[in-house]
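Q: Model the full structure from these sequences, guided by the hints.
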Amino acid sequence: MLKRITMLMPILIGALLFTGAEEVDAARCKTTGLLIKTTSCSYSTKKIEARPGIFRDVRYQVPEGTAPAGGWPVVVMYQGSFFTVQFSRTQGEPFGGYYEVKVIEKMLDNGFAVIAPDAGLDLFWETNLPTIYELTADYIFLNNLFAAIRNGSFGPINSNKKFATGISSGGYNTSRMAVSFPGEFKALAIQSGSYATCSGTICIVPTLPSNHPPTFFMHGFLDAVVPWWTMDLYYDKLRSQGIPTDRYTDYLAGHEWVSASAGKIYSWFNQYR
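Numbered according to mature numbering (1 follows the signal peptide of the UniProt record, and there is no 0), the sequence shown spans residues -26 to -1, 1 to 247.
For the record, the hints were derived by calculation from the structure and aren't laboratory data. This structure is a prediction, so every number in the text was calculated from the model and none was measured. Keep in mind that the hints are not guaranteed to be accurate.
To be verified - Here are the computed distance ranges between Cβ atoms for each label pair:
| hint | residue 1 | residue 2 | range |
| --- | --- | --- | --- |
| 1 | Ile176 | Leu95 | 23 to 29 Å |
| 2 | Val153 | Phe195 | 22 to 28 Å |
| 3 | Phe195 | Gly27 | 30 to 36 Å |
| 4 | Ala198 | Phe155 | 27 to 33 Å |
| 5 | Gly174 | Val153 | 17 to 23 Å |
| 6 | Val199 | Gln65 | 34 to 40 Å |
| 7 | Leu97 | Pro180 | 25 to 31 Å |
| 8 | Asn134 | Thr105 | 26 to 32 Å |
| 9 | Gly216 | Ser16 | 17 to 23 Å |
| 10 | Gly216 | Ile28 | 37 to 43 Å |
To be verified - Cross-link-like lysine-lysine pairs, in silico, DSSO-like; alpha carbons within 27 Å at most:
| hint | residue 1 | residue 2 |
| --- | --- | --- |
| 11 | Lys21 | Lys160 |
| 12 | Lys20 | Lys160 |
| 13 | Lys4 | Lys20 |
| 14 | Lys4 | Lys21 |
| 15 | Lys211 | Lys160 |
Idealized CB from N, CA, C, for every residue including glycine.
A: Take a look at the structure:
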């Protein structure tokens, strides 16, 4: 008997690590695995034009059930450099990737649609490049994306209840929504990022628009890519202008999504939905 159990141990351990028993089976997302978890959410994909004849992928999902009057509120999630937003992640992925999909899950489970546009061939957003932003492919693409949301291309979504979040380059691009798309977003949440035109240690935060959306920051204190103090400059400027803001610092984290991200972002957006 003992010999049989010993022979079966590798099989049992493999099942726990990689396939696992299903632990969570939400409307759109499920989590499998016991020791190493994978969370996957279903989604669809559309293509939106960025330049004539050049299209970018947009992944999206709406919550299960009947949309409220006016449509679902929506969270637009902006990718970090080189890594597109994924609707399936496993614990231990770089930059806290697993907690990115937990943000998606949290939103879908609580009545927010999620739209995740790709940054295009550059694999990062153009918000902090030394160029005229209104001439960039990003500007054209995002205007087309917002128009597609308004015309119902992504389902029953309330275009007047848009929220934005993102990490790193996507965090800078989340700030860009306040600068170049006034009135489009109700609230923002920036993970490991800072003001729209900052880049790493190069960061000057100017006077902000008076209609800048309420903004929440999540940042690792050990972040060597986007230093914590650059976020602090932005946070202090918002406070000095009386614009609603708050922040969460993970003192053990670097440049990454953190375990608190999903709950913090949801709580912030839910105040303004």
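Q: Quick one: are Gly216 and Ile28 within 37 to 43 Å, going by C-beta?
A: At 41 Å between Cβs, range holds.
Q: Between Ala198 and Phe155, is the Cβ distance one that fits in 27 to 33 Å?
A: At 30 Å between Cβs, range holds.
Q: Given a hint of 23 to 29 Å, does the C-beta separation of Ile176 and Leu95 actually sit inside it?
A: Because 24 Å falls inside the window, the suggested range holds.
Q: How does the Cβ-Cβ distance of Gly174 and Val153 compare with 17 to 23 Å: does it lie in that range?
A: Distance hint for Gly174, Val153 holds at roughly 19 Å.
Q: Hey, Lys21 versus Lys160, does the alpha-carbon distance stay inside 27 Å?
A: The hint holds at about 25 Å.
Q: Check whether the Cα positions of Lys4 and Lys20 lie no farther apart than 27 Å.
A: holds (23 Å)
Q: How does the Cβ-Cβ distance of Leu97 and Pro180 compare with 25 to 31 Å: does it lie in that range?
A: holds (27 Å)
Q: Is the Cα-Cα distance between Lys4 and Lys21 27 Å or less?
A: holds (26 Å)
Q: Could you tell me whether the CB distance from Asn134 to Thr105 stays inside 26 to 32 Å?
A: For Thr105 against Asn134, whose Cβ atoms are near 30 Å apart, the range 26 to 32 Å holds.
Q: Take the C-alpha atoms of Lys20 and Lys160, compute the straight-line distance between them, and say whether it is at most 27 Å.
A: holds (24 Å)
Q: Between Val199 and Gln65, is the Cβ distance one that fits in 34 to 40 Å?
A: violated (22 Å)
Q: Has the hinted range 30 to 36 Å been met by the Cβ atoms of Phe195 and Gly27?
A: Given about 45 Å between the Cβ atoms, the range is violated.
The earlier numbered hints that this structure contradicts are 3, 6, 9.
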